[in-house]
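Participant: Quick note, the sequences are listed as chains L and S, same order.
Counting in our numbering, the first sequence runs from 1 upward without gaps.
Counting in our numbering, the second sequence runs from 1 upward without gaps.
If you are wondering where the hints come from, they were derived from the structure by calculation, not from laboratory data.
Positions of the beta carbon are idealized from the N, C-alpha and C atoms, including for glycine.
One or more hints might be untrue.
Distance windows between CB atoms, simulated [said to hold, decoys possible]:
| # | chain 1 | residue 1 | chain 2 | residue 2 | range |
| --- | --- | --- | --- | --- | --- |
| 1 | L | THR222 | S | LEU6 | 50 to 58 Å |
| 2 | S | ARG362 | L | ASN19 | 44 to 52 Å |
| 3 | S | ILE260 | L | GLU63 | 16 to 24 Å |
| 4 | S | LEU6 | L | SER47 | 42 to 50 Å |
| 5 | S | VAL194 | L | ALA245 | 19 to 27 Å |
| 6 | L | GLU63 | S | TRP276 | 15 to 23 Å |
| 7 | S | GLN258 | L | ASN19 | 28 to 36 Å |
| 8 | L | ASP139 | S | ILE112 | 38 to 46 Å |
| 9 | L | GLY85 | S | ALA110 | 50 to 58 Å |
| 10 | L | ALA245 | S | ILE260 | 38 to 46 Å |
| 11 | L | ASP139 | S | TRP104 | 40 to 48 Å |
| 12 | S | LEU137 | L | ASN19 | 55 to 63 Å |
Stretch by stretch, here's where chain L covers chain S in the computed footprint (C-beta under 8 Å, at least three residues) [as the list claims (entries may be wrong)]:
| # | segment |
| --- | --- |
| 13 | 19–25 |
| 14 | 43–50 |
| 15 | 164–172 |
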Amino acid sequence: MVMEKTMGNTPVIEITDLNKWYGNFHVLKNINLRVYSGEVIVICGPSGSGKSTLIRCINRIEEHQAGTIRVKGMELTNRMKNIAGIRREVGMVFQQFDLFPHLTILENLTLAPCWVRKMSKKKAESLAMEHLDRVQLRDQALKYPGQLSGGQQQRVAIARALCMNPEILLFDEPTSALDPEMIKEVLDVIQQLAGEGITMICVTHEMGFARKVADRVIFMDTGEIVEENDPETFFTHPQWDRTEAFLSQIL
Amino acid sequence: METATLTPLGLKTFVPRPDKAPPLVASGIIGWMRINLFNTSFNSVLTVLALAFLCKVLPPLVSWAFLDASWLTPSPEHEGACWAFIVNKFRVLMVGLYPGEQLWRPMAVAVIMGILSVVTVARKLSTRLLILLWYTLPVGLFFIINGGFGLPKVEQSLWGGLMLSMGLAVIGILLSLPFGILLALGRRSRLAVVRTLCTGIIECVRGVPLITILFMASVMLPIFLPQGVNINNLLRVQIGMILFSSAYIAEVVRGGLQAIPVGQFEAAGSLGLKPWQTTVFVVLPQALRHVVPSLIGRCVALFKDTSLVIIVGLLDFLGMVKASSQDPKWLGYDAEAYVFCAFVYWIICFSMSRYGQSIERRNQW
Chain L
1 MVMEKTMGNT PVIEITDLNK WYGNFHVLKN INLRVYSGEV IVICGPSGSG
51 KSTLIRCINR IEEHQAGTIR VKGMELTNRM KNIAGIRREV GMVFQQFDLF
101 PHLTILENLT LAPCWVRKMS KKKAESLAME HLDRVQLRDQ ALKYPGQLSG
151 GQQQRVAIAR ALCMNPEILL FDEPTSALDP EMIKEVLDVI QQLAGEGITM
201 ICVTHEMGFA RKVADRVIFM DTGEIVEEND PETFFTHPQW DRTEAFLSQI
251 L
Chain S
1 METATLTPLG LKTFVPRPDK APPLVASGII GWMRINLFNT SFNSVLTVLA
51 LAFLCKVLPP LVSWAFLDAS WLTPSPEHEG ACWAFIVNKF RVLMVGLYPG
101 EQLWRPMAVA VIMGILSVVT VARKLSTRLL ILLWYTLPVG LFFIINGGFG
151 LPKVEQSLWG GLMLSMGLAV IGILLSLPFG ILLALGRRSR LAVVRTLCTG
201 IIECVRGVPL ITILFMASVM LPIFLPQGVN INNLLRVQIG MILFSSAYIA
251 EVVRGGLQAI PVGQFEAAGS LGLKPWQTTV FVVLPQALRH VVPSLIGRCV
301 ALFKDTSLVI IVGLLDFLGM VKASSQDPKW LGYDAEAYVF CAFVYWIICF
351 SMSRYGQSIE RRNQW
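Please put together the full structure from these sequences, using the hints given.
Facilitator: Following this line, the structure appears as structure tokens:
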């Protein structure tokens, strides 16, 4: 499966010798990662291992200090133009949803298409309703985020990211802030998207989900990529003791 | 629950209990009094003491202000208030020395502003249109008062009374809000020059009493201005008030900005919104809603602070009250003058405060 998607393609995300520090703290150490179009990658690892920081570097919410990140051939530098270009291609879903509480669900979804893609309000709204359908929340369009459950809010956040029609979606622990009963509805939506060919990188602790949906699973610890494999091998035959120890803790 | 039916799998079917009405709490006036006035022995004592105080104070006040008062013509043998004084001085209290034959102009302005206020409070129009009206109408109204476009000019030295207070306050509020917001945003700017400049302005202005700023605007500014450039006193005072109020509003708004979680900036950024779009569409609307109570507080404060212009020789409402009470023909009516003055200030400030509360209620998203 990994082979099918990687063969002959240029990667959509190309991370080379990435290093990042918070002050003296070395959060990311020599990260090398290639992600190909349509791949679903799950990153797992103990908290503080740098997995969130890594995906937040990909759309420049965090700045890296050494190494290169290329998204669809564009290199991430301090040039605002490149950052804007990359952010148009990369959508993100956050742990805390981060919907705009003063806007209705519909307005949450149309804000960026109207102002970044310069779409007409009418067109943006019909696009938004389409994506709300996809996450089964059409009937909630005129409510405010505060009136929705956590699971519904996270599905809205996914729809909001989709409205920008990104090629790549980043998920930063999308189910960690949810009640157990709502995790499934969100994972189902993500799984459905994975089936539609969007490139995804998902930081998560949901190993059942990783096993079902991921093309590759990456295990990080102390700022390094320790192990990277297809899910079957990753879960049944980990190559490193550290991976084994982590899996035995959470499975 | 006791008569649980079994599913085909042998599980008991869970049927939720029906909701019951909450236990009855005391209702009606008696019930309200028991809960709010006599719930503890300490509270009961306070209630009785407060009642006793009111019984002592209210009757003489009521008889002075209403029962024994003379209303339209002064009658010296009356023991109560002589509101005829207010009736007689009403015109100067409202518009100062504005010429009598032009009185229709301030009246028209008052009516238009009154309608605009009512429309604003009643929310008959969209917020966008209301903001547009509030920032354009006063410009036209200024010319009605001042003259121009065919209307004879009325010297600004003749302006006074409540009209002057309201004018200073309305223009002050309308201009210091955007300036204050810009200062607050500037203070959080990533550009060191902008940040330092805004912080400098805010801290300098806040470190000086308003009276000092008014003195400086009125006395010092002309000294620094080049020869021939002449800004009139009223404008200088207005600028001083806007500067002062902006600095305070900036700090209020900055408080609101700091309450916005960093996730909001990240979410907006990840959607590709530019920093200014994030500020205008995501951050400011939330930040301003957080600080509505304090912003209204600043507006009320600004309105009351207009009374300080008396020290640079402008006769605003309070100034006119004071001047009227010193009229040799009407000596001895200070109490009426100041009670009326306080009442008018209170009505206006209380209205602003209530309007603020209604905004707060509407904004609970």
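Participant: Does the structure break any of the earlier hints, and which numbers would those be?
Facilitator: 5, 11, 13, 14 and 15
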